[in-house]
Amino acid sequence: MTDLADAPNARDVDRVVIRFAGDSGDGMQLTGDRFTSASALFGNDLATLPEFPAEIRAPAGTLAGVSAFQVQISSEPISTPGDEPTVLVAMNPAALMSDLNRLAAGGTIIANDDAFEERNLEKAGYVDNPFEDGSLDGYTLIRVPMTRLTREVCEPLGVKPRDAERSKNFFALGLVSWMYTRPTEPTLEWIAQKFAGRDAVIAANTAAFKAGHAYGETAELGSHVVSIAPASLPPGEYTNINGNTALSWGLIAASVQAGLPLFLGSYPITPASDILHELAKHKNFGVRTFQAEDEIAAVSAAIGAAYGGHLAITTTSGPGVALKGEAIGLAVSMELPLVIVDIQRGGPSTGLPTKTEASDLLMAMYGRHGESPMPVVAAHSPAQCFDAAIEACRIALEYKTPVMLLSDGYLANSSEPWLLPDVDSLPAIDVSYATEPNQTNEDGEPVFWPFARDEKLVRPWAVPGTPGLMHRVGGLEKSDGPGNVSYDPANHGRMTDIRAERIDRIADDLPDVVVEGSPGAKVCLVGWGSTWGAIRGAMRRLTADGLDVAHIHIQHLHPFPNGLGEALRSFDRVIVPELNKGQLVKLLRAEFLVDAQGVNKVMGQPFTAAELESIVRQTLSEMEG
Amino acid sequence: MTDVETTTTRKDWATDQEVRWCPGCGDYSILTAMQLMMPELGVSREDTVFISGIGCAARFPYYMNTYGIHSIHGRAPAFATGLAVARPDLSIWVVGGDGDMLSIGGNHLIHALRRNVNVNILLFNNMIYGLTKGQYSPTSEVGKITKSSPYGSLDQPFNAVSVAIGAEASFVARTHDMDRKHMQEMFRRAWEHPGASLVEVYQNCNVFNDGAFDTISKRANRDSMLINLTHGEPIKFGADAERGVVMDGGDAVIVDVADVGEDALVVHDERRPNPAVSFALSRLAAGPTEPTPIGVFRAVERGEYASANSAQLASAQEQAGPGDLAALLRSNPTWTA
Numbered sequence: 001m002t003d004l005a006d007a008p009n010a011r012d013v014d015r016v017v018i019r020f021a022g023d024s025g026d027g028m029q030l031t032g033d034r035f036t037s038a039s040a041l042f043g044n045d046l047a048t049l050p051e052f053p054a055e056i057r058a059p060a061g062t063l064a065g066v067s068a069f070q071v072q073i074s075s076e077p078i079s080t081p082g083d084e085p086t087v088l089v090a091m092n093p094a095a096l097m098s099d100l101n102r103l104a105a106g107g108t109i110i111a112n113d114d115a116f117e118e119r120n121l122e123k124a125g126y127v128d129n130p131f132e133d134g135s136l137d138g139y140t141l142i143r144v145p146m147t148r149l150t151r152e153v154c155e156p157l158g159v160k161p162r163d164a165e166r167s168k169n170f171f172a173l174g175l176v177s178w179m180y181t182r183p184t185e186p187t188l189e190w191i192a193q194k195f196a197g198r199d200a201v202i203a204a205n206t207a208a209f210k211a212g213h214a215y216g217e218t219a220e221l222g223s224h225v226v227s228i229a230p231a232s233l234p235p236g237e238y239t240n241i242n243g244n245t246a247l248s249w250g251l252i253a254a255s256v257q258a259g260l261p262l263f264l265g266s267y268p269i270t271p272a273s274d275i276l277h278e279l280a281k282h283k284n285f286g287v288r289t290f291q292a293e294d295e296i297a298a299v300s301a302a303i304g305a306a307y308g309g310h311l312a313i314t315t316t317s318g319p320g321v322a323l324k325g326e327a328i329g330l331a332v333s334m335e336l337p338l339v340i341v342d343i344q345r346g347g348p349s350t351g352l353p354t355k356t357e358a359s360d361l362l363m364a365m366y367g368r369h370g371e372s373p374m375p376v377v378a379a380h381s382p383a384q385c386f387d388a389a390i391e392a393c394r395i396a397l398e399y400k401t402p403v404m405l406l407s408d409g410y411l412a413n414s415s416e417p418w419l420l421p422d423v424d425s426l427p428a429i430d431v432s433y434a435t436e437p438n439q440t441n442e443d444g445e446p447v448f449w450p451f452a453r454d455e456k457l458v459r460p461w462a463v464p465g466t467p468g469l470m471h472r473v474g475g476l477e478k479s480d481g482p483g484n485v486s487y488d489p490a491n492h493g494r495m496t497d498i499r500a501e502r503i504d505r506i507a508d509d510l511p512d513v514v515v516e517g518s519p520g521a522k523v524c525l526v527g528w529g530s531t532w533g534a535i536r537g538a539m540r541r542l543t544a545d546g547l548d549v550a551h552i553h554i555q556h557l558h559p560f561p562n563g564l565g566e567a568l569r570s571f572d573r574v575i576v577p578e579l580n581k582g583q584l585v586k587l588l589r590a591e592f593l594v595d596a597q598g599v600n601k602v603m604g605q606p607f608t609a610a611e612l613e614s615i616v617r618q619t620l621s622e623m624e625g
Numbered sequence: 626m627t628d629v630e631t632t633t634t635r636k637d638w639a640t641d642q643e644v645r646w647c648p649g650c651g652d653y654s655i656l657t658a659m660q661l662m663m664p665e666l667g668v669s670r671e672d673t674v675f676i677s678g679i680g681c682a683a684r685f686p687y688y689m690n691t692y693g694i695h696s697i698h699g700r701a702p703a704f705a706t707g708l709a710v711a712r713p714d715l716s717i718w719v720v721g722g723d724g725d726m727l728s729i730g731g732n733h734l735i736h737a738l739r740r741n742v743n744v745n746i747l748l749f750n751n752m753i754y755g756l757t758k759g760q761y762s763p764t765s766e767v768g769k770i771t772k773s774s775p776y777g778s779l780d781q782p783f784n785a786v787s788v789a790i791g792a793e794a795s796f797v798a799r800t801h802d803m804d805r806k807h808m809q810e811m812f813r814r815a816w817e818h819p820g821a822s823l824v825e826v827y828q829n830c831n832v833f834n835d836g837a838f839d840t841i842s843k844r845a846n847r848d849s850m851l852i853n854l855t856h857g858e859p860i861k862f863g864a865d866a867e868r869g870v871v872m873d874g875g876d877a878v879i880v881d882v883a884d885v886g887e888d889a890l891v892v893h894d895e896r897r898p899n900p901a902v903s904f905a906l907s908r909l910a911a912g913p914t915e916p917t918p919i920g921v922f923r924a925v926e927r928g929e930y931a932s933a934n935s936a937q938l939a940s941a942q943e944q945a946g947p948g949d950l951a952a953l954l955r956s957n958p959t960w961t962a
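Going down the list, the sequences are from chains A and B. Numbering-wise, my numbering puts 25 at position 25 of the first sequence, and it's gapless, one number per residue. Numbering-wise, my numbering puts 750 at position 125 of the second sequence, and it's gapless, one number per residue.
In case anyone wonders, no lab produced these hints; they're calculated from the structure. Check each hint, because a few of them may be wrong.
[To be verified] Which residues of chain A face chain B? A partial, calculated answer using Cβ under 7 Å: (1) ALA253; (2) ALA280; (3) ASN284; (4) SER300; (5) TYR307; (6) PRO489.
Ideal placement from N, C-alpha and C gives every residue a C-beta, glycine not left out.
Whole structure, please, built from the sequences with the hints as guidance.
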């Protein structure tokens, strides 16, 4: 087989957005993932959006069972999985029915012709065959009998027809790889590795992939061949990474940087479980993973480990944070380092477990009883989850406080190329245990006060096993200094103030607010978390058109970076796009008395750059009008 | 452990904090038993941690001059599990009441027991809610009249020992607050046991449930009402050891020794792998108004969780070598731009 990565007759384009859609059992996530990997190794910039139902296997062929994977590959730097796909691979009628409305006008549909038979059409809700009723007239339709061709190519290998059919996603992958001039070796190598020991499966998948690849040529689809040149990314070594993996590795890196063992207490929950899976693999780093009996036990165990001197983490999603609230309040009271990772998903209640949303910000800020302030850090791109995890751990350890780290379902599962950092350049995390008494009692004897504080109002971390520093901590209010149980009203007031003050002061050690784009702009987009990609995309298009727009992305949501208020007041309009009903905008308005305006989307989907671009254009024209 | 610490006294294990239980509370005698026993173990104070939840019993850590966490309601076994996994070198005690351990924290208790984490769990059972001022608890008898059950409670109570045996516990014992020596013996046995140990301590709440255990624990009643379980010995009780326990079709039954003969009595075997007989013994008394077994019901050796976890870490390091961050970041395919 020729590798057509450099096909001379291919049409060059800057970017393409492909959406693979099929039944949950069709292997669309794997197909998309493989296509992405090949593109990454080829050197394109890319961003992905996996979308799958909460059901493991909804009834085959139904709309509920449609699983899709969207990827944008580009020769230019990009930050989103694309506004709308230009190519839709539809493995069955349900996939076409559910995802056609996303396809760009004039886009290409590659359909598995064999699946478009009466029963499947009926299950998807089609009255007439869309291939025949003219409803696809505005699109380029490529019908390919993928199931039959896969079966045929597998037959000589002795693979049973039913087993052979399961390889049809590799046929689709082969065809699309040919059309987009992807290198084939990475996929073939991956098949051999992934299915090692299952020779029949390797043979069937390889045959199907090669058949799909060859099909393009023999079926004279040459006019569709497109090539996307490698992107000119900053030089260095790259890997393709999703948010949950980056976050897991960030936690491990923080443990290495701090010189402390990592302890994870977790209870499986979508879309956070992959962090537990990933960390459980790395016991050779001294990582202890504890799958608890419930969310409360998970955070409680982590706090126990923190008391014992470990870098303690608990990972979950919104429903889990709600359950952990009381224990997090205890960590606030005990002033122990702890990182709570919230991979946000659609809510309330079970909501949309596999879809993204960023509606836990106010819970992260205020979702505990009593006055219980804690730092909140948000990750903003899949790869940046690595840095965000280190930052959350650094704050927790250096300031002896629980920290909420927010990510979301989109960042968790989406991937992008990551310029690998030099591990020697990672931030140092300065942490030590108390080893000596820190006070002298009336009799002149050295004693240990667990709530004596340093100049940053941070208390000492004395871990069990240290002679002479035995002390008791707990949820009851403690006396300022000695740390004994205290019901004194003035002491409670003072301790409440200190708990707030010590978190507020962290801002003095953080970078001041950063304004990107035009500092003199009239309009500023203020974002947090995963809206970063769409805001960046919109900014690129607006500035390319010569429009003045600024962008502030807030990584530290509590405390806010110094200078944020002044920066916000310098703009005529502040627009705050959020995947919630307006949570950051409330905080900004309350904190800084600015007339910030929210733009909100709560549909289980990230913003597209086009949506934000249009909002800004509309605002600018209103301002002119 | 240092030489100095092996010669501590009760005073060394007590904090300077004023003990704030109601005068006459059974908790005082449990605290005394603990403070008297600790110096005998030869463990140092800095290597010892007491962890509690919420309730009267949960104030216990404030009075022990060790490391300690007064945590949140019901969760002490979970905090202790995390600490034990992180720090298998420590000696960890969990203290809680019947509400803390069997109601709000029932889930954590059973999971700590089944995992067999090396913690010693003391369950102070007074069959009432004390700190919230007198509601019925998950061990209160059916029909209990309290503020929250003026017409009598409807809930079938838990039998703590039965629950623990059912939860795969490897060590289960029962003692009571009127017998310091027996408490000390049970605490010591719990500490010696490698794995999770549950010791139920019948404890009098003289304010909200006074005399709940008088029928069995008053000195005059003990001979006839307390059945001492001793490993390897036939189970007998009574002033003249005239009564005993036999197994009858899966049930443990109290008999007169004269009727059945000494050889028919159950010889207590706390190490029996099958928990059925221990469980049957736990069902002998429906409550502390009938002859009630005390002592060690079950003490079997089973893999301990935290050390098994440490072993996994060690073997992972042996196989994969110590963690290499730069290599980790390159563990998926990479390319150079």
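Status of each hint after checking the structure:
The beta carbon of ALA253 (chain A) comes within 6 Å of a beta carbon in chain B, closer than 7 Å, and the hint placing it at the interface holds. With its C-beta approaching chain B no nearer than about 10 Å, ALA280 (chain A) sits outside the 7 Å limit, and its interface hint is violated. At about 4 Å, the closest approach between the beta carbon of ASN284 (chain A) and any beta carbon in chain B falls short of 7 Å, and the interface hint on this residue holds. Using the Cβ-Cβ criterion of 7 Å, the hint placing SER300 (chain A) at the interface with chain B is satisfied: the shortest such distance is roughly 4 Å.
The beta carbon of TYR307 (chain A) is positioned within 7 Å of a beta carbon in chain B (closest approach about 6 Å), and the interface hint is therefore held. With a cut of 7 Å, the hint placing PRO489 (chain A) at the interface with chain B is violated, because the nearest CB-to-CB distance is about 19 Å.
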